[in-house]
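Asks: Required output: the full structure, derived from the provided sequences and hints.
If you're matching them up, the sequences are chains E and V in order.
Take the first sequence: its position 441, counting from 1, is numbered 441 in the working numbering, and each next residue is one higher.
Take the second sequence: its position 405, counting from 1, is numbered 405 in the working numbering, and each next residue is one higher.
Bear in mind the hints are in silico, worked out from the structure with no lab data behind them.
These figures come from a predicted structure and were not determined experimentally.
Ideal Cβ placement from N, Cα and C applies to all residues, glycine included.
Heads up, some of the hints might be wrong.
[What the hints assert, rightly or not] Straight-line distance between alpha carbons at most 27 Å, and here's what the computed BS3-like set of lysine-lysine pairs gives:
1. K448(V) - K63(E)
2. K374(E) - K448(V)
3. K448(E) - K63(V)
4. K63(E) - K374(V)
[Claimed, not checked] Far from chain V, by Cβ distances over 10 Å, these chain E residues were calculated:
5. R69
6. A116
7. F138
8. H203
9. T243
10. P299
Spelled out from the first residue to the last, the chains are:
2 protein chains.
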Amino acid sequence: MTHLLIIGGSDAGISAALRAREVNPAVEVTVVVADRFPNYSICGLPFYLSGEIPDWHNLAHRKANDITREGINLLMDHTARAIDPAAKTVSVVDREGQSSQASYDKLVIGTGAVPASPAIAGLDLPGVFLLRTMADGFAVHEYLTAQEPESAVIVGAGYIGLEMADALTHRGLDVTVVEYFDSVLTTLDPALGAIVGAELQRHGVKVSTGVAVEAIEQQPGGTLAVNGSNHFHTRAGIVLVATGVRPEATLAASAGVQTGLRGAIQVSRTMETNLPDVYAAGDCVETWHHVLDRYVYLPLGSTAHKQGRVAGENTVGGHREFAGTLGTQAVKIFDLVAARTGLRDAEATEAGIDPLTVNLETWDHKAYYPGAHKLHVRITGDRRTGRLLGGQIVGHRSGEISKRVDVFATALFNDMAVDELNDVDLSYTPPLSSPWDPVQMSAQAWIKAQQS
Amino acid sequence: MTHLLIIGGSDAGISAALRAREVNPAVEVTVVVADRFPNYSICGLPFYLSGEIPDWHNLAHRKANDITREGINLLMDHTARAIDPAAKTVSVVDREGQSSQASYDKLVIGTGAVPASPAIAGLDLPGVFLLRTMADGFAVHEYLTAQEPESAVIVGAGYIGLEMADALTHRGLDVTVVEYFDSVLTTLDPALGAIVGAELQRHGVKVSTGVAVEAIEQQPGGTLAVNGSNHFHTRAGIVLVATGVRPEATLAASAGVQTGLRGAIQVSRTMETNLPDVYAAGDCVETWHHVLDRYVYLPLGSTAHKQGRVAGENTVGGHREFAGTLGTQAVKIFDLVAARTGLRDAEATEAGIDPLTVNLETWDHKAYYPGAHKLHVRITGDRRTGRLLGGQIVGHRSGEISKRVDVFATALFNDMAVDELNDVDLSYTPPLSSPWDPVQMSAQAWIKAQQS
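Replies: The structure is reproduced here in structure tokens:
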């Protein structure tokens, strides 16, 4: 009987475990989980901290006993310390420091990512938090409850930073967001980032862009002073630092697993590392990008699930390949949804493509039907070949934006040309769309621009 | 200079006109419009009659002068009486009975559809209406306003019938829906139709299925008695008959244009009829079905737009092919959205395929985030080859259902296998979806069922 050992109990690890058992119910699966929270939705932490989800237990994608019921052994509160690829063993240590050896026939490494600690003085002060694990979430929650700060500074205006700006505003705090680049949510084009910035300000969030935070200092009375470039000074009762993550691949690298981009584990499309019978998946690996046709580092929960599923299937004899990320991302900030897939203009240019990007403002459904909102659509295609490269949409949360972006994503998956989008029989009813869906209207605007 | 003549000023005709001018600004285009309402959204009539759209002018996709500004001549209040394909002329007659000849180099026929008058006695009584044209809409509106009926019977529980049930309930009438088949909305599987039926009843609509309406009679005082099979008897102040449409192809057939299914005009994939330089598009033609790989009769506004665009492009030298319908349809009934694409189980069986259909009930987004609603997803695939054949979803209108069905549609357009859906990088954020979108969860349930 094959023994599958998995290091890491988050999205990639649990997906791999479930898929392996599904494909081959005879496989013995053990997952080494560093804490007591396997398969938790850390993407849900902002909504726990906002107060919208009163009970953190609900953040579990699955409860521990749902997982064990599938015949998966969970080794909780255990940390993997070393992999011996020759002996096919992993040393693990429990909370009391007791160590033991786990052997494997197949190993999946899903050690995830850790916050990229930026060069800011004062990160270890009380009231300053990074947000990554369930334990981080509990620490922030306890501080918010016990200290009742009235104001917050959030360093970093990416997805997590902006979700936390929404969450803490919802909780009643005065929030300031500080971003190093010149616009918020730089995964979107600046024109769309500006719309998101305006939404933040409409809800009372102060937004400072083009500021490098340099130091956080504790004032008498416990208030935190945050100082940055361009004479940025402000004070707050709590500071959250959300400036991105880096792969956690030290364990793998020590065992001789090859790493690459930003130190992430290099894997084949079948999610195998350079070591025999050792797979890796999730936020700790380089991710194949379908549109760019090369590896990138792009850690996302939805990708971790897919990679884990592929790795799990292959450990029990499957031959599945990870199809690749499309760079799809979505976020809700107050009443707005912002979503994207594929390449933006600048990303395409950087990849040596000659892109054309067209902006379209149109209604989410027939304007005569009540409740119509404007969508801001940006579509990018290859000017020479006409191939679709990417799409971005920002607008009101009722505009079915994320699944419209998924229409773009499904088109990208199939290497469609921009013009072919007009041939797809998309649904239409006046309360929900137009005879040409906004996705298609943007394709028609693109074709006009390409031909002019 | 080419002269393009178009018969019909609705979706197909105006799309053809606009596309021809877009591709070749030198082409001279004339559209013969039977009334004064070119390019009106007749799909919007229910929302005008509900009172949600106070001004019917807003139903125009484009105002007449938006169309003429594109260099298109509109011959309004003119009816085409005969086509002479040898002389390349069309006789038209205006409201005063004045006739004239219009010549063409290329002709597009977009004469649409007319209500299929069912075998019911009393269809010509005052207070009994069919709903197809703007004029029909005005007549119903006038009757509702002048007579203020307190109750309505709607014959036919298809899209229009159910939208009118919603609309008249919204207006304060007591509504009864009568349907010949055993469930409402028979374009969905009965299990999903039952959910729609329950939603109607929840909003006070009486639903009688399995009833063939036989006669409508006027009672003293003007009340209408509606009698049908299975001892069905009821009374109402207004009766709407919405039992489907048939193609309006008599003009074309008289000129020697070949017709087929249900009398619809036969066209090639380039939207050409058997007569040289004569094209046809929209509700009057047979429509290519991409999944069935054959022609069907399936009149829809979104399809008419696409076919019109293809015809228009080809009249000015293009070589575009209509890619085919996927059978995509969506409707909002009260707080529910019901949408479908591709083939249902029974449709696939009828086409000689061995289908497998799997039912999945799941949340539209992570259940821990407020506002989650259950989606009812049905996915159909080819049991032998694994090819995706269709998808249906019913659920709360906030569940991005129509665009989720469009993900299925885009997959069908690309002939994807069910299992490939799991490889697509669809968007995820807890307030809007799950790491595996419900579309993908249904694909995984299908794969499990196929393998068991």
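Asks: If any of the earlier hints don't hold here, list their numbers in rising order.
Replies: 2
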